[in-house]
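A.B. asks: The listed protein sequences derive, respectively, from chains A and B.
Following the working numbering, the numbering of the first sequence begins with 1 at its first residue and continues without gaps.
Following the working numbering, the numbering of the second sequence begins with 1 at its first residue and continues without gaps.
Cut-off 30 angstroms, straight-line C-alpha distance, at most; resulting in silico cross-link-like pairs (DSS-like, lysine-lysine):
hint	chain 1	residue 1	chain 2	residue 2
1	B	116	B	50
2	A	5	B	265
3	B	265	A	53
4	B	69	B	227
5	B	265	A	19
6	A	53	B	227
7	A	5	B	130
8	A	19	B	130
9	B	173	A	53
10	B	50	B	103
11	B	173	B	69
12	B	173	B	116
13	A	53	A	5
14	B	103	B	69
15	A	19	A	5
16	B	50	B	69
17	A	5	B	227
18	B	130	B	69
19	B	69	B	116
20	B	227	B	173
21	B	173	B	130
22	B	116	B	130
Please keep in mind that the hints were generated in silico from the structure rather than gathered at the bench.
All values reported here derive from a predicted model rather than from experimental measurement.
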Amino acid sequence: MTDLKFEDCLARLEQIVGKLEAGNLPLEESLTIFEEGVGLARSCSRYLEDAEKRIEVLARDDAGGVSARPFTWEPEKDA
Amino acid sequence: MSADRKVLTVSELTERIGEVLEDRFPAVWVEGEISNFYLHGSGHAYFTLKDADAQLRAVLFRTRMRRVKFEPTDGLHVLAFGAIEVYRQRGEISLVVELLEPKGLGALQLAFEQLKTRLAAEGLFDQARKRELPRFPRRIGIATSPTGAAIQDMLRVIGRRFGELNIVISPCKVQGDGAAEEIAQAIRDLNALGDVDVIIVGRGGGSIEDLAAFNEEVVARAIAGSKVPVVSAVGHEVDFTIADFVADLRAPTPSAAAELVVREKQAVVDALAQLRARLERSAARPLRDLERRVDELTVRLRRGLRGEVSHARHRAALAIRALRAADPVARVRSDRHRLEGLESRLIASFTRRCDRARSGLRAAVARLDSLSPLAVLGRGYSLTRARTGEFVRRASQVKAGDDVQVLLQQGSLDARVTATREQDDRPQV
Chain A
1 MTDLKFEDCL ARLEQIVGKL EAGNLPLEES LTIFEEGVGL ARSCSRYLED AEKRIEVLAR
61 DDAGGVSARP FTWEPEKDA
Chain B
1 MSADRKVLTV SELTERIGEV LEDRFPAVWV EGEISNFYLH GSGHAYFTLK DADAQLRAVL
61 FRTRMRRVKF EPTDGLHVLA FGAIEVYRQR GEISLVVELL EPKGLGALQL AFEQLKTRLA
121 AEGLFDQARK RELPRFPRRI GIATSPTGAA IQDMLRVIGR RFGELNIVIS PCKVQGDGAA
181 EEIAQAIRDL NALGDVDVII VGRGGGSIED LAAFNEEVVA RAIAGSKVPV VSAVGHEVDF
241 TIADFVADLR APTPSAAAEL VVREKQAVVD ALAQLRARLE RSAARPLRDL ERRVDELTVR
301 LRRGLRGEVS HARHRAALAI RALRAADPVA RVRSDRHRLE GLESRLIASF TRRCDRARSG
361 LRAAVARLDS LSPLAVLGRG YSLTRARTGE FVRRASQVKA GDDVQVLLQQ GSLDARVTAT
421 REQDDRPQV
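In isolation and in its complexed conformation, chain A is listed as follows (with noise of 0.2 angstroms):
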């Protein structure tokens, strides 16, 4: 994924679905709006199919900093 957050990248892509079902655009801005939405929908889709389940813990250093370890939890069985 880029620099663009899962979020954005969906509203983005939202945005330039609207904008081509609206038509009214340029041919030049049509296309390059289009190749862009292509991206961004592949990106999304490899964002979801990469996503992996972390659970982390964030720790405090002596220093003040604060950094994350990974927590390791089972669920509970459910009664």
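Model the placement of chain B on the given structure of chain A, informed by the hints.
C.D. replies: Same frame as chain A, now just chain B:
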């Protein structure tokens, strides 16, 4: 004045009064209303307790003041517990307060109401401050106890809805001494870590005392100061905590908070698939649109051209007419045209008139002819004119040898009289 009278100095007397009073009232509960409350820079607070008929000075030393949960303000009805002390230097009685409690409401409740009023006045609860939650958070921060039921509930819900998410737990005490400060720090830590899209802060259900930390100002300030949206999840369906009022969104329980923050993965996948489909459908659209526009333009162009031409023609005709009307040459031409018309009409009418005149003349001439003396010449007669020009009607008008002119129907004769006769032998009429 008697010598046995006992005279005390002011110091001695106040000392005695002090001893008596302080012995008599070492620990007393007093009920009254606070007035003239004054918090000194030293941290000690001074005020007056009063009722309808009396008042008593009171002092709350710094160490005791710190333990008062609510804000003592003028007009507040309170119960004060403490010792009576006589301030010798000024001869004043005052109550040294150990405990101060609001009358009626519990101290916690009053503190809650007071903080709520103050923060609301500051605008911390304004709807306008509330931020939208991200619809698809990548990384979720949770400020809570890592060992409580709340974190279990939240992890279970998130795992069920969208397991492949990154969760960062910021551990903190959620009740007891120092809990409020820890909760506030946990929120600040998540902000400091960065890259967190949304924070859930909360704990499982409990009594109002258990939830007290979430009613503290430090927590409210930490929530208000968070860079990312905060969802409060204090497990109490009915009562709202201060944290609930400040948070961008309030969830009634930790599980509910997790559900509000994390969408079903399937819904996200579906939404994305739908967007992709729409994108692909719309791909052909610009070209289709262009084609349609070209078609439309062509039609309009044709129609326009036709219209233009006929319109131009019409306008040209109008212009020519106007020009003709205005142009002197054209006017002359048209005048000449009119003149020619008039001329020909004139000629025609004149000709007709002439013809009529001519035929009239002919008739007149014919009639004249029949009457003319010359007409008789046609029948063989002739006229004789003397040299004098008079017509000769009698012989006596001339004599032999005179030259006369004889006018015939055609031509004339010059003749000389040879003889004259007064009487001739023709038959007399």
